[in-house]
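Top line first, the protein sequences correspond to chains A and B.
No gaps in the numbering here: position 122 of the first sequence is 125 in the working numbering, and each next residue is one more.
No gaps in the numbering here: position 95 of the second sequence is 98 in the working numbering, and each next residue is one more.
Think of the hints as simulated: they come from the structure by calculation, not from any bench.
Among the hints, erroneous ones may be present.
Quick list of in silico lysine to aspartate or glutamate cross-link-like pairs, EDC-like style, CA-CA up to 20 Å [claimed, not checked]: (1) A/K8 to B/D10; (2) A/K8 to B/E117; (3) B/K8 to A/D10; (4) A/K110 to B/E46; (5) A/K8 to B/D12; (6) B/K110 to A/E72; (7) A/K8 to A/D80; (8) B/K8 to A/E117; (9) A/K8 to A/D78; (10) B/K8 to B/D80; (11) B/K110 to A/E46; (12) B/K8 to B/D78; (13) A/K110 to B/E72; (14) B/K8 to A/D12.
Here are some chain B residues the structure puts well away from chain A; computed CB gaps all over 12 Å [to be verified]: (15) F9; (16) R55; (17) S56; (18) R59; (19) G61; (20) E62; (21) S63; (22) H66; (23) E89; (24) G90; (25) P91; (26) E122; (27) A129.
Computed from a predicted structure; not experimentally measured.
We treat Cβ as the ideally placed atom computed from N, Cα and C, and that holds for glycine.
2 protein chains.
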Amino acid sequence: MLAPKFDADGLVTCVVTEARSGDVLMVAHMNAQALQQTIATGEAWYFSRSRRSLWRKGESSGHRQRVVEMRVDCDQDAVWIVVEQEGPGACHTGRRSCFYRAVPLGKAGAVTLEFRDGERTFDPDAVYGKTK
Amino acid sequence: MLAPKFDADGLVTCVVTEARSGDVLMVAHMNAQALQQTIATGEAWYFSRSRRSLWRKGESSGHRQRVVEMRVDCDQDAVWIVVEQEGPGACHTGRRSCFYRAVPLGKAGAVTLEFRDGERTFDPDAVYGKTK
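Take these sequences, add in the hints, and give me the full structure.
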C-alpha cells in the first residue's frame, strides 16, 4: 500500500523527470493533498515551501505537467514522476530544466559552474509577471 | 560559483540517475563534506540522516557509484548526479533502484502499489550482514 513517510513539515521529496529526454527537470515537494491530487488527476501538484501553499504546476505559467508514471522509493519518503512538460520549460528562471548548470569534478576549493542547456526558452518576466 | 543552499540540517537533496538507463536510482542527501568529497573524487559520497554520518556509497556493499556528471538546480538546494553504478544495484533492499514500485494514477482513496523491476538483484542480508 502507498503509505508515504512525510517529514516533520508534512512533505515528501518529488523528483521530476521528462519522459522525452529523461532529464531531471526539477525537484519539488508534495504534502498529502498535493500527492493525492496528482494521483487523482494525473497532473503534477506540489506544495510550495516558500508560499506555504498547494501549487498546481503551471497555474501561473500554463506550463503544466502530465504525469506518465509515478513511483515511490523503498522507504516511501520520495516519489519520482515522469512527466510530459507542456510549454517551453519547467524552471522559474525561464529554462527547460532547473538543472542547467554543471559542477566540474576533480576540483578542490571554490568551484565555478558551467552552463549546460542554459539558454532561456521563455521570458520569466513575461510569463510570471514583473512582480515575481 | 557553486554556493549550495543547505537546509537547517546542513543538507542538500541529491537525485541519482543511472547513466546507462536514465532511471532514478535513489534520492539521498549531502552535507558540505559529502558534496566536497564527491566533487573531488568523482565518486558518490552522501550523508546518512539515520546514522548521522558521512557515507561513501558502496562502503559496505562494494556497490560504488562513479559520477559521470553533476548538476545543481536553480536555487542550489538540490544536486543531480548521473552515475555508473558498480555491482548489481543501489537499493539497500537488494534492487537496482530504490524506485521499484509504481503508484497507479487516476485513483482516489487507498492506493495499492505495483512492482516494476522489483526483482532483487542481490541478497541484502548477504551483502550488508544479517545485523543490518
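Can you give the numbers of the hints that this structure goes against, from lowest to highest?
Those not satisfied: there are none.
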